[in-house]
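The sequence shown runs 1 to 304 under our numbering.
Rather than coming from a laboratory, the hints here were simulated on the basis of the structure. We put the CB at the ideal spot given by N, CA and C, even for glycine. Treat the hints loosely; a few may be bogus.
Straight-line Cα separation of at most 25 Å, BS3-like style, residue types lysine-lysine; simulated pairs [to be verified]: (1) K85 x K61; (2) K82 x K61; (3) K111 x K82; (4) K213 x K111; (5) K3 x K240; (6) K3 x K82; (7) K85 x K122; (8) K177 x K111; (9) K122 x K61; (10) K220 x K177; (11) K122 x K111.
What follows is a list of derived Cβ distance ranges for each label pair [said to hold, decoys possible]: (12) A50 x R294: 19 to 25 Å; (13) D237 x R294: 35 to 41 Å; (14) G287 x R63: 32 to 38 Å.
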Amino acid sequence: MAKSLQDKVIIVTGAGRGIGREIALLCAAEGAKVVVNDPGGAADGGGSSAAPAEEVVEEIKKRGGTAVANFESVAEAIPASKIVKTATDHFGRLDGVVNNAGILRDMIFHKMSVEAFEAVIKVHLMGSFYVSHAAARIYREQESGSFVHFTSTSGLIGNYGQANYAAAKLGIVGLSKSIALDMGRFNVRSNCVSPFAWTRMIGTIPTETDAEKARVEKIKQMGPEKIAPVCAYLLSDAAKDVTGQIFGVRMNEIFLFGQHRPVRSVHRGEGWTPETIAEHGMPALKGSFAKLDRSADVFTWDPI
């Protein structure tokens, strides 16, 4: 039986642990040559270690696959471009990029530091841009390629204490859609995945109340290996007509997320004043207001 990613060259950022590790292992098992990128930092981005990426490469090789480690940070343009160069130097081409690298610096908004906001934006949003931008030139030349970017329900829906993370993750949705629009003419695809899984980053969620503890116990049931199959599919030729979409994966469930579209309108032939907006416009629209939901308010059932 043919493997879905046979001889494709795939970059997976943040692949030393968690979801990234599982994606790298599955892509290699499906026949891909994998660049395992991870600087080996802590969940908040501090420190570095070659061990996580090297261990994943060794695991891939032990299973008969092909991989090379890369330790650059995605948070700066030149190091990020070297991740792409690692793929072309070692394997001569590039077919897929998984922008998975991330950090967390959670804090209630009025206490969040500028540094904490900028650091998260740099890794998630700018990192996804830097790596994708370096890859785009190769994709343009060969007229093929796929991007899989990681978003989150923190941005798509909302969560407490994650203004930096939510802003970055919703920004990634806009980035992905723009890439899909701009590069579709070159047979380049770009999609987002919103994962539900227990990882080192999720391990930073507070567990002070009984409700928080119960929530975390449920999340622990969702292994990172459940996210990998959708990513491998999106990187494969079987997904040649799938682009500009947002998928959620939670245990054995796959969701297709809606995207922003008008839901209701009001019209007044003579135009509007602040007073008529207050008296007529806003009351007419109010029934369709989006609630201040959090992710847990929307996904109210246990993982399947």
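Structure-based check of each hint:
no.	hint	verdict
1	K85 x K61	holds (21 Å)
2	K82 x K61	holds (22 Å)
3	K111 x K82	violated (35 Å)
4	K213 x K111	holds (24 Å)
5	K3 x K240	holds (16 Å)
6	K3 x K82	violated (28 Å)
7	K85 x K122	holds (20 Å)
8	K177 x K111	violated (32 Å)
9	K122 x K61	violated (32 Å)
10	K220 x K177	violated (31 Å)
11	K122 x K111	holds (19 Å)
12	A50 x R294: 19 to 25 Å	violated (37 Å)
13	D237 x R294: 35 to 41 Å	holds (38 Å)
14	G287 x R63: 32 to 38 Å	violated (55 Å)
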